[in-house]
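Participant: Letter by letter, the chains look like this.
There are 2 protein chains.
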Amino acid sequence: MGDELRGLADLDRIIHEPARLLIVTILSTVESADFLFLQREAGLTKGNLSAHLGKLEEAGYVEIKKTFKGKLPLTVCKLTKAGSKALTLYRQQMARFIDSTG
Amino acid sequence: MGDELRGLADLDRIIHEPARLLIVTILSTVESADFLFLQREAGLTKGNLSAHLGKLEEAGYVEIKKTFKGKLPLTVCKLTKAGSKALTLYRQQMARFIDSTG
DNA sequence: TAAACTGGTTTGTACTGCAGACTGGTTTGC
DNA sequence: GCAAACCAGTCTGCAGTACAAACCAGTTTA
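Note that the protein sequences, when read in sequence, are chains A and B.
Read in the numbering used here, the first sequence has 71 at position 71, and its numbers run on one by one without any break.
Numbers in the numbering used here are just positions in the second sequence, counted from 1, shifted up by 1000.
None of these hints come from the bench; they were simulated from the model.
Heads up, a few of these hints could be off.
Examples of chain A residues toward chain B, derived with CB under 7 Å [said to hold, decoys possible]: (1) L11; (2) P18; (3) L22; (4) T25; (5) R91; (6) T101.
Some residues of chain B that are not near chain A, with every Cβ distance over 10 Å (derived) [said to hold, decoys possible]: (7) D1034; (8) F1035; (9) L1036; (10) L1049; (11) K1055; (12) G1060; (13) K1066; (14) T1067; (15) G1070; (16) P1073; (17) L1074; (18) T1075; (19) V1076; (20) K1078; (21) S1084; (22) R1091.
C-beta: ideal position from N, C-alpha, C; glycine also.
Full structure from sequences and hints, please.
Facilitator: This is how it looks when you write it as structure tokens:
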């Protein structure tokens, strides 16, 4: 068996989860994004998004800044260097797998 | 956001799990495989492999035949048509995602 | 001032993956 | 001949996960 397959075993589970893969991918295309924008784009419930952002922040993949837009709270999310790197690595692993088996 | 991203939301979770992706990918390269061969190739514990095979069988993605090799039990696994199709679809979705964002 | 909305967080539940304990049978050592 | 080790798997318990619904603090609208 090729290494591409063995590589599957150590995929980054933080990134591998589809909802989070969606989130980080969206974040990778913008400078930053607020909570509701992400919710609409990703099609997630608030609770779900909140939880996933929590994990991504804990993993050091996104930076979350709580501010205010006028008087309303506003949560702004931004992919970190580490997050960007993790996403790139993940895509490389997946691409390797697909190329090797497709 | 492109459809490639939305597509992430409905990835086949049965296939998406790395251990199972590994299993079905291995099975896609051989006519059939017995339990211990799969265990060695995939690097999984017996318990783990047994559970995953159960799910794959339940999903209709693998066919499991219990026979004997001499006097010892032997479990032979084979990818079904549906399993092969599911794997192909999964790879297409992933390829689409990677191409669109890479 | 009450009702409805905004922008989220916390809670509860059901599912999942995983390793280790266990089972039924077989071969080996003594 | 029988105990110990081994083979081929399954079952069990636990820790972690995702998800939606309930909740909360504050703000705008009626």
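Participant: For each hint, tell me whether it holds in the structure or not.
Facilitator: A quick look at each hint next to the structure:
1. L11: Interface hint status for L11/A: holds (5 Å vs cutoff 7 Å).
2. P18: Result: holds, 5 Å to nearest chain B Cβ.
3. L22: For L22/A, the interface hint holds, since the closest Cβ of chain B sits about 5 Å away, which is under 7 Å.
4. T25: 6 Å, holds
5. R91: 5 Å, holds
6. T101: At about 6 Å, which falls below the 7 Å cut-off, the nearest Cβ of chain B leaves the hint on T101/A intact, so it holds.
7. D1034: 15 Å, holds
8. F1035: Label holds. Min Cβ-Cβ 16 Å, cutoff 10 Å.
9. L1036: 15 Å, holds
10. L1049: 13 Å, holds
11. K1055: The claim holds: K1055/B sits with its nearest Cβ about 17 Å from chain A, beyond 10 Å.
12. G1060: With a cut-off of 10 Å, G1060/B remains clear of chain A, as the shortest Cβ separation is near 21 Å.
13. K1066: 25 Å, holds
14. T1067: Given a closest Cβ separation of 24 Å, the condition holds.
15. G1070: The assertion about G1070/B holds, with a minimum of 27 Å to chain A.
16. P1073: Holds: least Cβ distance 25 Å, greater than 10 Å.
17. L1074: 21 Å, holds
18. T1075: Consistent with the label, T1075/B stays out of reach of chain A, its closest Cβ about 19 Å off (over 10 Å).
19. V1076: Check passes; 19 Å lies beyond 10 Å.
20. K1078: 18 Å, holds
21. S1084: 12 Å, holds
22. R1091: 5 Å, violated
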